[in-house]
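Place chain B on chain A using the hints.
Here the protein sequences come in this chain order: A and B.
Residue numbering for the first sequence follows this note's numbering, beginning at 1083 and increasing consecutively.
Residue numbering for the second sequence follows this note's numbering, beginning at 1083 and increasing consecutively.
Simulated from the structure, these hints should not be mistaken for lab results.
Please read all numbers here as calculations on a predicted model, not as lab measurements.
Any given hint might turn out to be false.
Since the list gives no way to pick one copy over another, a pair counts as held whenever it fits inside one copy or between any two copies.
Within a straight-line C-alpha distance of at most 25 Å, the following computed SDA-like cross-link-like pairs (lysine to any residue) qualify [to be verified]:
no.: 1; residue 1: Lys1251; residue 2: Leu1085
no.: 2; residue 1: Lys1251; residue 2: Glu1278
no.: 3; residue 1: Lys1185; residue 2: Ser1091
no.: 4; residue 1: Lys1185; residue 2: Glu1106
no.: 5; residue 1: Lys1185; residue 2: Glu1253
no.: 6; residue 1: Lys1185; residue 2: Arg1214
no.: 7; residue 1: Lys1251; residue 2: Arg1147
no.: 8; residue 1: Lys1099; residue 2: Arg1176
no.: 9; residue 1: Lys1185; residue 2: Ala1269
no.: 10; residue 1: Lys1168; residue 2: Ala1150
no.: 11; residue 1: Lys1251; residue 2: Leu1274
no.: 12; residue 1: Lys1251; residue 2: Phe1105
no.: 13; residue 1: Lys1185; residue 2: Gly1254
no.: 14; residue 1: Lys1099; residue 2: His1215
no.: 15; residue 1: Lys1099; residue 2: Val1246
no.: 16; residue 1: Lys1099; residue 2: Glu1123
no.: 17; residue 1: Lys1168; residue 2: His1187
no.: 18; residue 1: Lys1185; residue 2: Leu1265
no.: 19; residue 1: Lys1251; residue 2: Arg1273
no.: 20; residue 1: Lys1251; residue 2: Gly1129
no.: 21; residue 1: Lys1099; residue 2: Glu1242
no.: 22; residue 1: Lys1099; residue 2: Ile1241
no.: 23; residue 1: Lys1168; residue 2: Lys1251
no.: 24; residue 1: Lys1251; residue 2: Ala1276
no.: 25; residue 1: Lys1168; residue 2: Gln1119
no.: 26; residue 1: Lys1251; residue 2: Phe1093
no.: 27; residue 1: Lys1099; residue 2: Thr1212
no.: 28; residue 1: Lys1251; residue 2: Arg1272
no.: 29; residue 1: Lys1099; residue 2: Ile1165
no.: 30; residue 1: Lys1251; residue 2: Gly1279
What follows is the residue order along each chain.
Number of protein chains: 2
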Amino acid sequence: MTLVLASSSPFRATLLKNAGLVFEAVAARIDERAVEQPLLEADLPPGDIAEVLAIAKAENVSPARTGALVIGSDQVLSLDGEILHKVADMEGARRRLLQLSGKTHHLDSAIALVRDGEVLWSHVERAAITLRHLSPEFVGRHLAEAGETVLSSVGAYQIEGVGVQLFEKIEGDFFTIMGLPLLALLAELRRLGAQEG
Amino acid sequence: MTLVLASSSPFRATLLKNAGLVFEAVAARIDERAVEQPLLEADLPPGDIAEVLAIAKAENVSPARTGALVIGSDQVLSLDGEILHKVADMEGARRRLLQLSGKTHHLDSAIALVRDGEVLWSHVERAAITLRHLSPEFVGRHLAEAGETVLSSVGAYQIEGVGVQLFEKIEGDFFTIMGLPLLALLAELRRLGAQEG
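Chain A on its own, in the form it takes in the complex (with noise of 0.2 Å):
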């Protein structure tokens, strides 16, 4: 069963190829805050949001790829139920820290599997951080050392970098907080054939 990703995070694709995963990559054209602002109108949770983004990521490629397995994934951070969305630049990161700085803001991971256009499954994941009280100098420091590789995430950090210096408690999996909850798609992938068990 060929399998594509609807995405083109780098990121996500490493987690799915160091997993085994065989796919094609192949980037969603919608625009997500669009999709995203009725939703927020409409009082949905950030782990509703992340999910139909999700969707609406996947059912985007479906029609491309006839046949294929499309994976569609987000992630949404949420502060005091204030969704937020990632910086342009490295002074939007300074701020983006500063903000987190010393409370605990969730990270909902969202995956979903559609072919030819019919949503097959979907599933989200939370995960919750706490960041340690940072001073504006530290932060100025971190984000010298960190580089704008700190702009691919929302949180503006990265876990499996220097970024782990910034936390003081992280609750819930490695995977979700990557932005794709791994050991839930390999568990339908498998249901669903497109691995083998």
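For chain B alone, coordinates are given in the frame of chain A:
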């Protein structure tokens, strides 16, 4: 403050490097099985044994590195309370995976900080991993794909590679599973002034 990692494990060194630590790695020269034997006879739980071994490794390296903060670490895998050790070859890996198949085993990861022979701090964290029910055929194919890297891990799997295909459930911190409770270590290094906060 000079940091020394009392280990020749490339995995532990990579975890520390990724976190931005600067350190020297020095292999501890102790007979782990000889240290462990009386502790097993005294019925010490696996976590305590991991802690003693982490301290023993740091103590072993400390005399050669006056004034340095020496990090010792150890990981113990136990199944139904029985401690299992690393297997020697791929046939051993095959038997290990079939032994763990369909069951939950525990990983106790310990870390110790020693300076000039004095134990400044030690800490243990536990993770629980449940393997799926694996057929001998699946295990054979899996090990052919995973290769001899599995021999570097007591569980004969690598969570960061295709080993994730083996898992039903993972409970516990990623770093604990990798063999080094990193958040606790970083917090203690900051407290000791060995890392800027």
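Status of each hint after checking the structure:
Taking identical chains as interchangeable, the C-alpha atoms of lysine 1251 and leucine 1085 lie at most 25 Å apart only when they sit on different chains, with a minimum of 24 Å there against 35 Å within one chain. Proximity of lysine 1251 and glutamate 1278 under a CA criterion of 25 Å is satisfied inter-copy only: 18 Å between copies versus 36 Å inside one chain copy. For the identical chains of this complex, lysine 1185 and serine 1091 are neighbours neither inside a copy (27 Å) nor across copies (34 Å), given an alpha-carbon limit of 25 Å. Neither within a single protomer nor between protomers do lysine 1185 and glutamate 1106 lie at most 25 Å apart by alpha-carbon distance, with minima of 38 Å and 34 Å respectively.
For the identical chains of this complex, lysine 1185 and glutamate 1253 are neighbours both inside a copy (13 Å) and across copies (23 Å), given an alpha-carbon limit of 25 Å. Within a single copy, lysine 1185 and arginine 1214 get their C-alpha atoms as close as 7 Å, which meets the 25 Å cut-off; across copies the closest is 36 Å, which misses it. When the C-alpha separation of lysine 1251 and arginine 1147 is checked against a cutoff of 25 Å, the pair qualifies neither within a copy, at 41 Å, nor between copies, at 32 Å. Only between protomers do lysine 1099 and arginine 1176 lie at most 25 Å apart by alpha-carbon distance; the minimum there is 23 Å, versus 32 Å within a single protomer.
When the C-alpha separation of lysine 1185 and alanine 1269 is checked against a cutoff of 25 Å, the pair qualifies only between copies, where the shortest distance is 17 Å, while the shortest distance within a copy is 33 Å. Proximity of lysine 1168 and alanine 1150 under a CA criterion of 25 Å is satisfied in neither setting, with 30 Å inside one chain copy and 41 Å between copies. For a Cα distance limit of 25 Å, the shortest separation of lysine 1251 from leucine 1274 across copies, 19 Å, qualifies, whereas the shortest one inside one copy, 36 Å, does not. In this assembly of identical chains, the alpha carbons of lysine 1251 and phenylalanine 1105 lie at most 25 Å apart only when taken from different copies (24 Å versus 34 Å within one copy).
Taking the shortest Cα distances, lysine 1185 and glycine 1254 sit within 25 Å of each other both inside one copy (16 Å) and across copies (21 Å). In this assembly of identical chains, the alpha carbons of lysine 1099 and histidine 1215 lie at most 25 Å apart only when taken from different copies (23 Å versus 36 Å within one copy). Both within a single protomer and between protomers do lysine 1099 and valine 1246 lie at most 25 Å apart by alpha-carbon distance, with minima of 23 Å and 11 Å respectively. In this assembly of identical chains, the alpha carbons of lysine 1099 and glutamate 1123 never lie at most 25 Å apart, being 37 Å within a copy and 44 Å across copies at closest.
Taking the closest pair of Cα atoms, lysine 1168 and histidine 1187 come within 25 Å of each other only inside a single copy of the chain (14 Å); across copies the shortest separation is 38 Å, beyond that limit. For the homomeric pair lysine 1185 and leucine 1265, the shortest alpha-carbon distance between copies (16 Å) is at most 25 Å, but the shortest distance inside one copy (28 Å) is not. Only between protomers do lysine 1251 and arginine 1273 lie at most 25 Å apart by alpha-carbon distance; the minimum there is 16 Å, versus 34 Å within a single protomer. Taking the shortest alpha-carbon separations for lysine 1251 and glycine 1129, both the intra-copy value of 21 Å and the inter-copy value of 21 Å come in at or below 25 Å.
Taking the shortest alpha-carbon separations for lysine 1099 and glutamate 1242, both the intra-copy value of 17 Å and the inter-copy value of 10 Å come in at or below 25 Å. For a Cα distance limit of 25 Å, the shortest separation of lysine 1099 from isoleucine 1241 qualifies both inside one copy, at 19 Å, and across copies, at 13 Å. Taking the shortest Cα distances, lysine 1168 and lysine 1251 sit within 25 Å of each other inside one copy (22 Å), while across copies they are farther apart (30 Å). Proximity of lysine 1251 to alanine 1276 under the C-alpha cut-off of 25 Å is restricted to the inter-copy arrangement: shortest distance 20 Å between copies versus 36 Å within a copy.
Taking the shortest alpha-carbon separations for lysine 1168 and glutamine 1119, only the intra-copy value of 16 Å comes in at or below 25 Å, while the best inter-copy value is 53 Å. For a Cα distance limit of 25 Å, the shortest separation of lysine 1251 from phenylalanine 1093 qualifies both inside one copy, at 22 Å, and across copies, at 22 Å. Only between protomers do lysine 1099 and threonine 1212 lie at most 25 Å apart by alpha-carbon distance; the minimum there is 22 Å, versus 29 Å within a single protomer. When the C-alpha separation of lysine 1251 and arginine 1272 is checked against a cutoff of 25 Å, the pair qualifies only between copies, where the shortest distance is 15 Å, while the shortest distance within a copy is 33 Å.
For a Cα distance limit of 25 Å, the shortest separation of lysine 1099 from isoleucine 1165 qualifies neither inside one copy, at 29 Å, nor across copies, at 32 Å. Proximity of lysine 1251 and glycine 1279 under a CA criterion of 25 Å is satisfied inter-copy only: 15 Å between copies versus 34 Å inside one chain copy.
Hints 3, 4, 7, 10, 16, 29 from the earlier list are contradicted by this structure; the remaining hints agree with it.
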